[in-house]
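S.K.: Sequence:
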Amino acid sequence: MLDPEARTLLDLMEQATKAGRPKLESLPHAIGRAAVDKMSEDSEADPPEVASVVDGTVPGPAGAIRFRRYRPLGAKPGPLPTLIYYHGGGFVIGSIETHDSTCRRLANKSRCQVISIDYRLAPEHPFPASTDDSLAAFRHIRDNAASFEADPARLAVGGDSAGGAISAVVCQACRDAGDPMPAFQMLIYPATDSSKQSTSRTAFAEGYFLSGPLMEW
Numbered sequence: 001m002l003d004p005e006a007r008t009l010l011d012l013m014e015q016a017t018k019a020g021r022p023k024l025e026s027l028p029h030a031i032g033r034a035a036v037d038k039m040s041e042d043s044e045a046d047p048p049e050v051a052s053v054v055d056g057t058v059p060g061p062a063g064a065i066r067f068r069r070y071r072p073l074g075a076k077p078g079p080l081p082t083l084i085y086y087h088g089g090g091f092v093i094g095s096i097e098t099h100d101s102t103c104r105r106l107a108n109k110s111r112c113q114v115i116s117i118d119y120r121l122a123p124e125h126p127f128p129a130s131t132d133d134s135l136a137a138f139r140h141i142r143d144n145a146a147s148f149e150a151d152p153a154r155l156a157v158g159g160d161s162a163g164g165a166i167s168a169v170v171c172q173a174c175r176d177a178g179d180p181m182p183a184f185q186m187l188i189y190p191a192t193d194s195s196k197q198s199t200s201r202t203a204f205a206e207g208y209f210l211s212g213p214l215m216e217w
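Residue numbers (our numbering): 1 to 217.
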């Protein structure tokens, strides 16, 4: 049984497809990204207020990596527990802009600082570019925690979908290197199984937002 709000969303998507709106997987990647960006912008015209938002960059293996840092409402001066967030999007779409409202809500609800990372996307930047950027960003923030107003003992990683997978990879890389580990992982429906066949992928291949063809795209 689906949540009524989820059912409403799926019905609206089906109506849009019947009205002639192209499916995301039928579009070139650049156009698909632009469509998702526009949809995110339209759906969040009035994002939640937070105490502060700071944009910046950290060094990465192929150049500067963008980040966006959110401090929650009511935050006192000084280091905060910090969640380094990796957005979802199948490693192909998404950005710190598409997940801006998500990160604002996470910051306020958790009363933690959130730092959103804008890693490189495929297919222009094939694997492991996304995880290389994400690990580099985590290590830089961890090693320079004071300049990010982050508590190094309470530094976590998290993300949705592809971002959940990236979070798990960051933890595994830290473990394998003998580095200090994140305090915890927040994995939101992480994509941790690369196999293309499973019971759920067959049962829910169509009609539930994330289709089989879209996964392949």
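Since the hints were made in silico from the structure, they are not lab data.
Keep in mind that a hint or two might mislead.
What the hints assert, rightly or not - Straight-line alpha carbon distances no greater than 27 Å define the calculated BS3-like cross-link-like pairs of lysine-lysine that follow:
no.	residue 1	residue 2
1	K76	K38
2	K76	K23
3	K196	K76
4	K18	K38
5	K23	K38
Said to hold, decoys possible - Derived CB-CB ranges, DEER-like:
no.	residue 1	residue 2	range
6	I188	H125	44 to 50 Å
7	A6	L73	24 to 30 Å
8	A6	A30	39 to 45 Å
9	D179	P77	25 to 31 Å
10	K18	A205	26 to 32 Å
Owing to the predicted nature of the structure, the values given are computational and were not obtained by experimental measurement.
Even glycine gets a Cβ: it sits at the ideal position worked out from N, Cα and C.
S.K.: Which earlier hints turn out false for this structure, listed by number in ascending order?
M.R.: Numbers 1, 2, 3, 6, 8 and 10 - these are the hints that the structure violates, sorted from lowest upward.
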